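**Student:** Residue numbers (my numbering), protein chains in the order written: chain F, 47 to 352; chain D, 579 to 912.
If you're looking for bench data, these hints aren't it; they were derived computationally from the structure. Keep in mind the model is a prediction, meaning the values are calculated, not measured. Glycine is no exception: its CB is placed at the ideal position from the N, C-alpha and C atoms. Incorrect hints may appear among the rest.
Said to hold, decoys possible - In silico lysine-lysine, DSS-like type, Cα no more than 27 Å apart, as pairs:
# : chain 1 : residue 1 : chain 2 : residue 2
1 : F       : Lys161    : D       : Lys866
2 : D       : Lys866    : D       : Lys878
3 : D       : Lys866    : F       : Lys158
4 : F       : Lys222    : D       : Lys878
5 : D       : Lys629    : D       : Lys600
6 : D       : Lys818    : F       : Lys308
Stated by the list, open to error - What follows is a list of derived Cβ distance ranges for each label pair:
#  : chain 1 : residue 1 : chain 2 : residue 2 : range
7  : D       : Thr703    : F       : Ala313    : 33 to 41 Å
8  : F       : Asp220    : D       : Ser880    : 17 to 25 Å
9  : D       : Phe711    : F       : Ala313    : 45 to 53 Å
10 : F       : His324    : D       : Ser880    : 50 to 58 Å
11 : D       : Phe674    : F       : Thr306    : 17 to 25 Å
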Amino acid sequence: MNDTPQDSLPSPTAKRQLDPALDSGLEPLEARTDAVKKRRDMPANLWMQCDGCSKLLYKPRVEEKLNVCPECNYHFEISSAKRIQMILDPASFEERFTNLSPLDPLGFRALKAYKDRLVETQHRTGLKDACVVGTGKIERIPVVFGVSDSRFLRGSMGSVVGEKIFRGVELARDLKYPFIFVSGSGGGARMDEGILSLMQMAKTSAALADLDRHGGLFISVLTNPTMGGALASFAALGDVVIAEPKALIGFAGPNVIRETIKADIPAGFQTSEFLLEHGFLDRIVNREDLRSTIASFLRMFVFRPA
Amino acid sequence: MAQQNIRGGLDFEAPILELENKIEELRSFSQTTQVDLSDQIEKLLERCNEKKRAIFANLSPWQKVLTARHPRRPLSSDYLQLMMDDFVELFGDRSFRDDPSIVTGFGRLGGHKVCVVGHRKGKDTAEKLACYFGCSHPEGYRKALVKMQLADKFGIPIITLINTPGAYPGVGAEERGQAFIIAKNLMEMARLRVPIICTVIGEGGSGGALGIGVGNRNLMLEHSYYSVISPEGCSAILWKNTEFKERAAEILKLTAEDLLGFGIIDEIVPEPPGGAHREPVRAAQSLKEAILRHLRELEKLSGEDLVKARYQKLKRMGVYEEETAGLLSLAGSA
Ligand SMILES: [Zn+2]
Chain F
47 MNDTPQDSLP SPTAKRQLDP ALDSGLEPLE ARTDAVKKRR DMPANLWMQC DGCSKLLYKP
107 RVEEKLNVCP ECNYHFEISS AKRIQMILDP ASFEERFTNL SPLDPLGFRA LKAYKDRLVE
167 TQHRTGLKDA CVVGTGKIER IPVVFGVSDS RFLRGSMGSV VGEKIFRGVE LARDLKYPFI
227 FVSGSGGGAR MDEGILSLMQ MAKTSAALAD LDRHGGLFIS VLTNPTMGGA LASFAALGDV
287 VIAEPKALIG FAGPNVIRET IKADIPAGFQ TSEFLLEHGF LDRIVNREDL RSTIASFLRM
347 FVFRPA
Chain D
579 MAQQNIRGGL DFEAPILELE NKIEELRSFS QTTQVDLSDQ IEKLLERCNE KKRAIFANLS
639 PWQKVLTARH PRRPLSSDYL QLMMDDFVEL FGDRSFRDDP SIVTGFGRLG GHKVCVVGHR
699 KGKDTAEKLA CYFGCSHPEG YRKALVKMQL ADKFGIPIIT LINTPGAYPG VGAEERGQAF
759 IIAKNLMEMA RLRVPIICTV IGEGGSGGAL GIGVGNRNLM LEHSYYSVIS PEGCSAILWK
819 NTEFKERAAE ILKLTAEDLL GFGIIDEIVP EPPGGAHREP VRAAQSLKEA ILRHLRELEK
879 LSGEDLVKAR YQKLKRMGVY EEETAGLLSL AGSA
């Protein structure tokens, strides 16, 4: 239900969440065929069903509202390109580290080879990996900006994502720019790169520790979904941590928890609202207010070399 | 042998257990009858040692996982008892409660003051339940951090012993910010100004392991494993059931040799023939010797240098392709 619905897999929702903490971007087959069927039944791609309230929505109207459901305020996943367009000043973004591409260090192959899945996903999305980092401006204030793209293996973090975040944070430190990262990762740490993915958690966190020591500002924006190894590292470490409404945010996936405790989980569990109530978010911000809210933080928390 | 197996042996250990039983029988026979069987016993011991070496030198990744989870494998509490002098356990996270699944305290290791932080799986059923079988809650990671910061303040090196299937996935754990607390540990451990030596002694289960795993040196016991996900979890995702756990253990590349190859760990700590569970005392000696060797090296560095070294070490972790002006270079740790 993002901007390229014809050829993208269905967006992972709470119901379809597999393993949380990590995942390889595979959707259960049933979910995939269901969604395809659903789509086929909808006339001319003009209508879509809301993951939040299940109502049938007129697509042009949803797009006009920045891909937010006009009925229930559910925030649909959007591409990194759209995110950049929404938050940064027009034409101010310059992508960096575009020369980095993923490899297959484990020779990871199950039903399908990781190598092949990478190539397919790269073709489908036009991205080399699951995050985009660069410099830009927000209300004329220069920043280093990064965003993960959930269309690419569910926004999971492997070596390239870790390296780009690491370099982005170092760039912010050196330029004395604030660092802003919009996270959306149902995938967490990318299983296909094994232990190397896990280590990206420590690596990105170390970069942020260093930025912090230098007096830099990090604003972390959590979007649907931000799970597992992404949340348990860089995404949780903002000086300011904000989230879009109704996003799924947590460490372990709902299914894993259900299996472990052998009981149902409470309604609204692991949503933005749940996290706010338990004290882990500074604020929930509607998509249409993200840009202005981030800008107000940028004006409030100005770089003070330590 | 059947009995021995029930006592907690693994299938592939059967030939060793058989010989061990025979040796035991001969010993007790010779004791009760006063017949000298020392020659025979000696021969059997030799054969048994050969068997141990042959079997444990060729464990499959899944067999390594089983060894790491062996019911008789030494735990943090054993290593504390066998390696440390004057260890005093400190409890609590000063915030919510004491999580027994992580043990923290201070003592001396071969004359060096150290802070020890280790996962605790528990020995008996009651303790295992209290420890959630080594799966920590946020308060466990917070407890670890509070004690590590105490060590940092007084310049005391930190030793961590990693042995967890993973951080606990539960309602309370999420309510109390499991991900946020682990992330905080990763960030704070990166900037502690004392030597940190982390060793996987059994299971290195994903974020739950890494939560006390950011060090200047990372070691693994020979038959431990360290992985982004358990073989069962990986199998469930890829094949929709846990039956392919052996295959998953292979493709995940989770053994100590694999991690050494990826540049993630610095050293494999050898275990006694047949695994640490056969001779915990020797296993502890081996670990103590390795830790002390690294500690002596690290104690020469300033706080600033230790932080920098940890940063540079993490910076190198990862494998990717970097294109520079038409040239391809394979960067990273492999
Ligand atoms: Zn809706």
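**Student:** Each of the hints needs a verdict: does it hold here or not?
**Tutor:** We went through each hint and held it up to the structure:
no. : hint                             : verdict
1   : F:Lys161 to D:Lys866             : violated, 42 Å
2   : D:Lys866 to D:Lys878             : holds, 19 Å
3   : D:Lys866 to F:Lys158             : violated, 43 Å
4   : F:Lys222 to D:Lys878             : violated, 33 Å
5   : D:Lys629 to D:Lys600             : holds, 14 Å
6   : D:Lys818 to F:Lys308             : holds, 19 Å
7   : D:Thr703 to F:Ala313: 33 to 41 Å : holds, 34 Å
8   : F:Asp220 to D:Ser880: 17 to 25 Å : holds, 24 Å
9   : D:Phe711 to F:Ala313: 45 to 53 Å : violated, 29 Å
10  : F:His324 to D:Ser880: 50 to 58 Å : violated, 40 Å
11  : D:Phe674 to F:Thr306: 17 to 25 Å : holds, 20 Å
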